[in-house]
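For this one, chain Z is given, so just place chain C on it according to the hints.
Protein chains in written order, with the numbering used here: chain Z, 9 to 606; chain C, 9 to 606.
Please note that the accuracy of each hint is not assured.
Pairs count within a copy or across copies, as identical chains cannot be separated in the list.
Said to hold, decoys possible - With a straight-line cut-off of 25 Å between C-alpha atoms, the simulated DMTMM-like cross-links for lysine to aspartate or glutamate are:
no., residue 1, residue 2
1, 578, 484
2, 235, 220
3, 241, 257
4, 522, 484
5, 112, 334
6, 578, 488
7, 284, 257
8, 235, 559
9, 241, 275
10, 242, 257
11, 25, 390
12, 601, 421
No lab work stands behind these hints, which were simulated from the structure alone.
There are 2 protein chains.
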Amino acid sequence: MNKFYGKVLEINLSTGKKKLYQIKDEWLKNYIGGKGLGAKILYEELSPDTEPLSPENILIFVPGPLTGTLAPTSGRWAIVTKSPHTGIYMDSQVGGHFGAALRKAGIDILIIRGRAPKPSYLYIESGNVEVKDATFLWGKGIIETENVLKTKHPGAKVGSIGPAGENLVTYAIIGFDYYRQSGRCGAGAVMGSKNLKAIVVKSGGKLEYFDEKGMKATVSRLLSVIKDHPVIKKRTEIGTPMWVLMSNEGGFLPTRNFSRGVFEHAETISGEYMKKKIWVRNKACFGCTIACGKLTHVKEGKYACNEVEGPEYETLALMGSNCEIDKIEAVAYLNRLVDDLGLDSISTGNIIGFAMECYERGLLKDTDGIELRFGNVDAAAELIKKIAKREGIGSLFSEGVRKAALKIGQGSERFAIHVKGLELPGVEPRGSWGMALAFATADRGGCHQRAWTPTAELHGLIPRFSTEGIAKFVKETQDERSACFSLVLCDFVPFGVGDFTELLYNAIGLGFDKESYLRTGERIWNLTRMFNVREGISRKDDTLPPRIMEEEAPVGPAKGLKITQEILDKMLDEYYALRGWDENGIPTEEKLKELGIV
Amino acid sequence: MNKFYGKVLEINLSTGKKKLYQIKDEWLKNYIGGKGLGAKILYEELSPDTEPLSPENILIFVPGPLTGTLAPTSGRWAIVTKSPHTGIYMDSQVGGHFGAALRKAGIDILIIRGRAPKPSYLYIESGNVEVKDATFLWGKGIIETENVLKTKHPGAKVGSIGPAGENLVTYAIIGFDYYRQSGRCGAGAVMGSKNLKAIVVKSGGKLEYFDEKGMKATVSRLLSVIKDHPVIKKRTEIGTPMWVLMSNEGGFLPTRNFSRGVFEHAETISGEYMKKKIWVRNKACFGCTIACGKLTHVKEGKYACNEVEGPEYETLALMGSNCEIDKIEAVAYLNRLVDDLGLDSISTGNIIGFAMECYERGLLKDTDGIELRFGNVDAAAELIKKIAKREGIGSLFSEGVRKAALKIGQGSERFAIHVKGLELPGVEPRGSWGMALAFATADRGGCHQRAWTPTAELHGLIPRFSTEGIAKFVKETQDERSACFSLVLCDFVPFGVGDFTELLYNAIGLGFDKESYLRTGERIWNLTRMFNVREGISRKDDTLPPRIMEEEAPVGPAKGLKITQEILDKMLDEYYALRGWDENGIPTEEKLKELGIV
Numbered sequence: 009m010n011k012f013y014g015k016v017l018e019i020n021l022s023t024g025k026k027k028l029y030q031i032k033d034e035w036l037k038n039y040i041g042g043k044g045l046g047a048k049i050l051y052e053e054l055s056p057d058t059e060p061l062s063p064e065n066i067l068i069f070v071p072g073p074l075t076g077t078l079a080p081t082s083g084r085w086a087i088v089t090k091s092p093h094t095g096i097y098m099d100s101q102v103g104g105h106f107g108a109a110l111r112k113a114g115i116d117i118l119i120i121r122g123r124a125p126k127p128s129y130l131y132i133e134s135g136n137v138e139v140k141d142a143t144f145l146w147g148k149g150i151i152e153t154e155n156v157l158k159t160k161h162p163g164a165k166v167g168s169i170g171p172a173g174e175n176l177v178t179y180a181i182i183g184f185d186y187y188r189q190s191g192r193c194g195a196g197a198v199m200g201s202k203n204l205k206a207i208v209v210k211s212g213g214k215l216e217y218f219d220e221k222g223m224k225a226t227v228s229r230l231l232s233v234i235k236d237h238p239v240i241k242k243r244t245e246i247g248t249p250m251w252v253l254m255s256n257e258g259g260f261l262p263t264r265n266f267s268r269g270v271f272e273h274a275e276t277i278s279g280e281y282m283k284k285k286i287w288v289r290n291k292a293c294f295g296c297t298i299a300c301g302k303l304t305h306v307k308e309g310k311y312a313c314n315e316v317e318g319p320e321y322e323t324l325a326l327m328g329s330n331c332e333i334d335k336i337e338a339v340a341y342l343n344r345l346v347d348d349l350g351l352d353s354i355s356t357g358n359i360i361g362f363a364m365e366c367y368e369r370g371l372l373k374d375t376d377g378i379e380l381r382f383g384n385v386d387a388a389a390e391l392i393k394k395i396a397k398r399e400g401i402g403s404l405f406s407e408g409v410r411k412a413a414l415k416i417g418q419g420s421e422r423f424a425i426h427v428k429g430l431e432l433p434g435v436e437p438r439g440s441w442g443m444a445l446a447f448a449t450a451d452r453g454g455c456h457q458r459a460w461t462p463t464a465e466l467h468g469l470i471p472r473f474s475t476e477g478i479a480k481f482v483k484e485t486q487d488e489r490s491a492c493f494s495l496v497l498c499d500f501v502p503f504g505v506g507d508f509t510e511l512l513y514n515a516i517g518l519g520f521d522k523e524s525y526l527r528t529g530e531r532i533w534n535l536t537r538m539f540n541v542r543e544g545i546s547r548k549d550d551t552l553p554p555r556i557m558e559e560e561a562p563v564g565p566a567k568g569l570k571i572t573q574e575i576l577d578k579m580l581d582e583y584y585a586l587r588g589w590d591e592n593g594i595p596t597e598e599k600l601k602e603l604g605i606v
Numbered sequence: 009m010n011k012f013y014g015k016v017l018e019i020n021l022s023t024g025k026k027k028l029y030q031i032k033d034e035w036l037k038n039y040i041g042g043k044g045l046g047a048k049i050l051y052e053e054l055s056p057d058t059e060p061l062s063p064e065n066i067l068i069f070v071p072g073p074l075t076g077t078l079a080p081t082s083g084r085w086a087i088v089t090k091s092p093h094t095g096i097y098m099d100s101q102v103g104g105h106f107g108a109a110l111r112k113a114g115i116d117i118l119i120i121r122g123r124a125p126k127p128s129y130l131y132i133e134s135g136n137v138e139v140k141d142a143t144f145l146w147g148k149g150i151i152e153t154e155n156v157l158k159t160k161h162p163g164a165k166v167g168s169i170g171p172a173g174e175n176l177v178t179y180a181i182i183g184f185d186y187y188r189q190s191g192r193c194g195a196g197a198v199m200g201s202k203n204l205k206a207i208v209v210k211s212g213g214k215l216e217y218f219d220e221k222g223m224k225a226t227v228s229r230l231l232s233v234i235k236d237h238p239v240i241k242k243r244t245e246i247g248t249p250m251w252v253l254m255s256n257e258g259g260f261l262p263t264r265n266f267s268r269g270v271f272e273h274a275e276t277i278s279g280e281y282m283k284k285k286i287w288v289r290n291k292a293c294f295g296c297t298i299a300c301g302k303l304t305h306v307k308e309g310k311y312a313c314n315e316v317e318g319p320e321y322e323t324l325a326l327m328g329s330n331c332e333i334d335k336i337e338a339v340a341y342l343n344r345l346v347d348d349l350g351l352d353s354i355s356t357g358n359i360i361g362f363a364m365e366c367y368e369r370g371l372l373k374d375t376d377g378i379e380l381r382f383g384n385v386d387a388a389a390e391l392i393k394k395i396a397k398r399e400g401i402g403s404l405f406s407e408g409v410r411k412a413a414l415k416i417g418q419g420s421e422r423f424a425i426h427v428k429g430l431e432l433p434g435v436e437p438r439g440s441w442g443m444a445l446a447f448a449t450a451d452r453g454g455c456h457q458r459a460w461t462p463t464a465e466l467h468g469l470i471p472r473f474s475t476e477g478i479a480k481f482v483k484e485t486q487d488e489r490s491a492c493f494s495l496v497l498c499d500f501v502p503f504g505v506g507d508f509t510e511l512l513y514n515a516i517g518l519g520f521d522k523e524s525y526l527r528t529g530e531r532i533w534n535l536t537r538m539f540n541v542r543e544g545i546s547r548k549d550d551t552l553p554p555r556i557m558e559e560e561a562p563v564g565p566a567k568g569l570k571i572t573q574e575i576l577d578k579m580l581d582e583y584y585a586l587r588g589w590d591e592n593g594i595p596t597e598e599k600l601k602e603l604g605i606v
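Bound conformation, chain Z alone (with noise of 0.2 Å):
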């Protein structure tokens, strides 16, 4: 029993009944927390046939063990359920305030299940939860609930989905924090099935350490450590806004909904120029010294709005280049928009860019007389509001690229820029061999967070338009990953596996070498393609978008290549190679015993 880690707090909202529990040790040293343990309890739960939309799909909200600690970043923490966007795997890493305060109230996991039958909200205190109305709160945007919720909580954090989440939007948003998200896949709308508005922590508690001595002395090395580091030093000034000029410099900024890698406007969406135009301050997450969020505020013009945390990159290159939008405050007001709402702007800004391009070929009619060119910021707003009402034109798209590609047809399928239905990011993998692999082999479909490989790439530690060092340099970096969001740190700590493992012994006293903890992310990363592969996941489903593998890049650096089927074949072989995989993307019985997951 780890006195420090593994309190479990389960709600149903059909009946109302709570569990409190201690999680399994056996479950905390093979998974850890965060990711790693959603991961097992999501496996353990639920059986192929649960619908992700359906009460019997369970949302987790797991912090890990370093989450609300000293460590640097502890602010992160992982929500983990089954996605109605993808039907597959779903974890979202998200910063902010909220995971730490539902620690420091007692729980460090939280287990939805069931449907609320009306409106509700959840109030947790002191290690309790209860289910209140929120039939008042309805319709609101994510903002407006917020402030309604700190006003009748003061002090409280909060989470909550907008009319996209309770619209069941597939790809809807739970808003933490105002402005912090888990954005990717859908969670809001599973909450939205829920008939869950909201949740309210109210944090009193203080967390214990095994070692808080240890603790103090490995943190304020590592602080030393972030303090100076120049790529910290660049994301504490500039933010994620720094990759645009780098992406198009590189020839993968996606640009036309991914017809290109090259933005001739880039500069006027760039971190630069944001920071120049309309930049108020810095924001740091619970924990954290680094303060790569943007507060921004467009005060006049015609896209004046509020404040606003952001844009960060992958909205810049979702909303901006890949929509053709060349105006940062463009951007900064649909950025606020779709975080109201309750939307993903990467989802979203792809679904547009999708949608322009629809329009420009003639393949969609009816837009409720929406004029959806590329570059038009108002029709990029209309299709926004409409989509988180799934009203006319709106409900098209409120699924994503994969399914309106089936409805549109004509052979639209052709540029659905999505992996296993998750819309792509911020890179045009034509000019990113690397996250060409990490794409199609990310365990929640097209996500850039399992494995980033552009830094190596534009820095010359691996080559680029070369097969040769990908697979490994992937498969590593996604069992290294794995592991870090189960503690849960941020993507961002310049930090080795030996400091990771101190700071995890400090805090709760598990013990972990090099190799046991590697091994530890290799387990979780196998048991979420299990999860996959029991809904049919499989090689098939390890692809690229047709645009990716058909099309050569008209311009930049990646000009005349295309990622063909040979090229990513090579690439899932040498993948599948390292993974202890069968040819087919299955993972053996062999390697699964070896990881003692059967």
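Just chain C, lined up with the frame of chain Z:
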């Protein structure tokens, strides 16, 4: 018998005897060419009692099978000999046009033995070599020597030594194409000891290819990889001096004789500043589209001098910040001086910094009236001239910091900054723990070219100020570079192993897969280690300067850190284990057998 590479010309300068033969196929297969083949020849020919400056030492000019071909950056080639500066193995990778000319004159490998009875130069044309009188050139600088010889032999390529080489300064260079050097470890002194002032090559031939069509296709593909590569673009724009601001920000720009890694005046010796102030045009080696060379010209003021190619980053770091010289014009002036007199700018800058520290600490009294204070450009220039002549105080410093410290005594070895006698180049290792291990284990002593870790450290791909992942990174890079330096291609091509093997196969029909190619690199690294082991090198020599191990960095990101014996031992233990060497750093019988060395 390989038709496309492997023609050896030997000349014994003592007897005038020549020998022309083809290298064994087995040696090509196991050591490729360039560095690897040179190392094999050196290992077989020399014994541990060979004095580097005796006629028994051999000087090997060894282009690789890709030198002079269509392959991008094929201007590179190697010089291999036993170093008079360190007493151990050395190779030097040279750019420019000379190596390509040598191959096109019908010679792939030139081995120089013995000692000419009087100052001589070699004239090479159509696979033949003549020894010519060079009495009239003795005492002349490299620039004038090359001018005279090019007037005498129009269209020829020239390599020559300056007064430093003639006077057996142990870190004397050989200069090629005016401003491309065999820089480190004193090949110029070996040439001087052979009474050989210069080598002139008149090339007329054309290289044949095993598969010319295949070669053209590969090259065309690789040129487009180079064309838009972000790192390459910066190399073309700023060249190696792009590192000044990055290493200063990273806290590892050697400053004031490596007492710190931050220079407050880095800006005015930076690449960006250089480009604005004194840049004239870019210069490229044979077969290179990168053109990282920067021709500069200080036209007026105190440091006005003729044009020079450079300063490179290393020169800026060692003759700039390390001597607290903060004027780009002054560094260019000193650069031209050492290039012409024939001294290695890295060792020289390091030595001047050491001399300045000794002087300011009062350990050096009789300096022929030179006020050797940090930042004193005139003093640096005076010392350089005296070193090249081995005159007065210059004599004391003409064999490097290791020997100078022995003579000066008074504890001065505490700030003699070298590994195995080779002065450290432009990375202050407390700020880059990866380079700490790279320096400690490099085959020719404190060298930066065998494994370059700062890119990975600065961009978060390996943790900073941590031993984690360092041994593996350094070991793998050393092996990979050993193979690349045997082709020979440049440090700066962003190619993968598959690209290298494809080029090699097309050029001379020698086929490797990825594994056997990297195994060849490992074989070469182990062979050079065995050369050094035979000279008495072991774990005790795989170390770092006392300053780095005993003094905490006083400022910058590494503030408060030092590379303690414990830290170094941890990295060495891991490194030896990965290499299959025993704990004393000696390759095991088993490893040597596996590699086919014994």
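Out of the numbered hints, which ones does the structure contradict?
Numbers 5, 11, 12 - these are the hints that the structure violates, sorted from lowest upward.
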